[in-house]
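Just so you know, the sequences run in chain order X and B. Last residue of the first sequence? That's 463 in the numbering used here, and every number before it is there in order. Last residue of the second sequence? That's 463 in the numbering used here, and every number before it is there in order.
Treat each hint with caution, since some may be false.
Pairs count within a copy or across copies, as identical chains cannot be separated in the list.
Below, computed lysine-lysine pairings styled on DSSO-like, alpha-carbon distance capped at 27 Å [unchecked claim]: (1) K169 <-> K275; (2) K164 <-> K275; (3) K275 <-> K334.
It is worth saying that the hints were derived from the structure and are not from the lab. Predicted, not measured: the structure shown is a model, and the values here were computed from it.
2 protein chains.
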Amino acid sequence: MPTESEIINSIRSRLQRASGVVVGVGDDAAVLKPRESKDLLACCDLMVEGVHFRRDWCEPTLIGRKALAINLSDIAAMGGTPRYAMISVAIMAGSPASFVESLFDGIFELADQTGVAVIGGDTSSSPGPLFIDVSVIGDCEVGKAVTRAGARPGDQVFVTGTLGASALGLRLLERGARLKDPGNNQSCEEALLKHLIPSPRLKTGSSIGQAGLATAMIDISDGLSTDLCHLAEESDCGAIIDAGSIPIAQSVLDYITEDPATDPLDLALNGGEEYELLFATDPGNLARISEVGLQTGVRMTRIGEMIERKQLILRFGDEQRPLQVKGYEHLV
Amino acid sequence: MPTESEIINSIRSRLQRASGVVVGVGDDAAVLKPRESKDLLACCDLMVEGVHFRRDWCEPTLIGRKALAINLSDIAAMGGTPRYAMISVAIMAGSPASFVESLFDGIFELADQTGVAVIGGDTSSSPGPLFIDVSVIGDCEVGKAVTRAGARPGDQVFVTGTLGASALGLRLLERGARLKDPGNNQSCEEALLKHLIPSPRLKTGSSIGQAGLATAMIDISDGLSTDLCHLAEESDCGAIIDAGSIPIAQSVLDYITEDPATDPLDLALNGGEEYELLFATDPGNLARISEVGLQTGVRMTRIGEMIERKQLILRFGDEQRPLQVKGYEHLV
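The following block holds chain X by itself, in its conformation from the complex (with noise of 0.2 Å):
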């Protein structure tokens, strides 16, 4: 195992100069010039190698490009720019050189795909489990963050991408499927590719955040019905979603082919890590929000309205019920 030391030179030496960086990796602390008129946005995510990951799913690449790809998607659903980030990593006794490279590899790759300016970190020795933590500074413009907190009743309910790969990749890696396997059809490596290389919504987050179009957004990361509930609680009001307007992955839709005991909507509605972000906008700006759906790139999907009653309701056709919040399980 390379030493701290080590660790910190070699990536010093690949550190690029980022704007408003004064002091970077290798002193106490980094030193960052704040832009005027900006509201700073600041959070962390932890990954737990056994809780969140396991190792033998993939390439330390990959399990580092995610740790910090789930940041910048707590970002983007605060309809902020990411900007600096700090790693702090515990590696297993043992390991070898290339697989903290590797590792690091993964989060240059995205920080720098994203302009994100990597300033500090911490590294240890763990005794068990590989424990990456990382945190994030970004900013918005002064007011314009996005909480969970602002919808309102005759809000509309809109969400980016597509539901339920997440949940499938990651049932398909605990049966053992790996990505790039031969065996694999086209709905398993994209079901493996969206759970191992989410794609947080940087631009769309942002420009979302900027036109101010988004009463209340969160990224959904414990599943669609445990994030509609936190998005619906902390705004004081309640939910109403038509199911069959859930936009539902193709690769599920697809593997169900395969396995009919599969529930598309149940992946949909209650699977975990999709990184897709679920906001709340005013009826007038539903063409805004198409275009900056073609804009991005990215599908933007109505699929419900806020009601004033603090219920969560699920819609089919004419027939109405309760949505049953299943919160997203770790493997521990």
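The hints should help you fit chain B onto chain X, whose structure is shown.
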């Protein structure tokens, strides 16, 4: 073990309104209003059970407290003021709610004492050890952050407080000593306290930073010899240290009467986790440094001088020897 929502709700119920925090714990990210004319500081530090601490050494309160303290020390070492903290914890499966509460008690106690607002975090179960990663955001006057890199030959080297007690405390813990054991003599208790309840030099650090009194500064987390080496390397010079002037903790001096095999100078030079400040200053500043020491109630000791030759030298009277840099080793 409490669920993530139970932990978040318990944390939210304890939060105080803090200036600059627009949105705190409970959304996808926190929203902060940066202070005008300030540079931002950001750092994170990781504590892993079995590497940085053992659970049977002390109450969980002290583990939580220390996880925050070591981060505050990093901000102090930049000459800044800590403002916000995010806490990520992975808690051993099956831990009782009281363990988690006690851990956060320690974090909140120190946060409240130091005016730091807890603005976010993440929780997970851990199939292995306890893992705590804390990120802190602070600030300082524009351009006044003190890095490790500005020391010049001729600058005087200072250290706050006294050295060696934390390493002695660690050694005693490993031999089975525990805080408040009726069998402890005063030196043992003091050494345990220094190791388990470090007091980051917040006021001293920010005073030095604001007054522009240090050309370079670092906190002693890896040991005086290692951290002096970091400071000298980043400043592209060397240093000469007077062995006789190193302020060895009284508990260490007392302890050698019990265990004559202990070398107090070795503990003071190479013991880590002191969280004292080591800094270089222009020789013209000596009086002002003493003043900061008096104002903040912290002993300031001049221990040597930066030199042009890129070597670390330890002086005993007229004799000079190379200063061995012995990296502080954690448990694993």
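Here is how each hint holds up against the structure:
1. K169 <-> K275: Classified as both: same-chain Cα gap 9 Å, cross-chain 22 Å, threshold 27 Å.
2. K164 <-> K275: both (20 Å within a copy, 12 Å between copies)
3. K275 <-> K334: within (15 Å within a copy, 35 Å between copies)
The structure meets every hint from the earlier list without exception.
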